[in-house]
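K.L.:
Per full-length UniProt numbering, the sequence shown starts with residue 1, numbered consecutively.
For the record, the hints were derived by calculation from the structure and aren't laboratory data.
Note that the structure is predicted; figures quoted are calculated from it, not measured.
Be aware that a few hints might be false.
[Unchecked claim] Simulated pairs of lysine-lysine, DSS-like, Cα-Cα distance not exceeding 30 angstroms:
no. : residue 1 : residue 2
1   : Lys101    : Lys24
2   : Lys101    : Lys52
3   : Lys24     : Lys52
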Amino acid sequence: MTDFSELPAADQEAIGRTLLTLLKAFDDRDAEPLRRVYADDADWVNAFGTVKRGRDDIVDYLRGLFADDNFNRGELRGPPETSFRVLTPDVVLVSAHLQVKGQGLVGGGTIDRDNFSLRALQRQGDGSWLIVSEMFQDANPETSYAR
């Protein structure tokens, strides 16, 4: 099974709820709903190399991020483009691409970000789906290999 449409409707809906809760929490800059998104032992790595382990550590970090003027300065250029890959009936990868214009930098100035992320969601015993691993990566305009 590798096609998202082959998952039972209840699983598709549960995955959708998790992702919508994540997106809304980022949009509202409200970290508290993220407690319902991340597994207790989740791992998280952002595009700048910050690593967090466990739901509480991730949510605490995001609470600070949401209060940060530099982070809040950036504006989404549009909704994220997402794709799904079913690894097993209990594990789904969600790939997303989004672009942010004008995110502030700690040292001053701004940066336009071309961001890619990968999330592993796992079905829980109660039928919910939680993020167990999340990694962000920004595309770099510089290249080290050209073909």
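K.L.:
So, for every hint listed, does it hold in this structure?
P.N.:
Results for each hint:
no. : hint           : verdict
1   : Lys101 - Lys24 : holds (19 angstroms)
2   : Lys101 - Lys52 : holds (25 angstroms)
3   : Lys24 - Lys52  : holds (21 angstroms)
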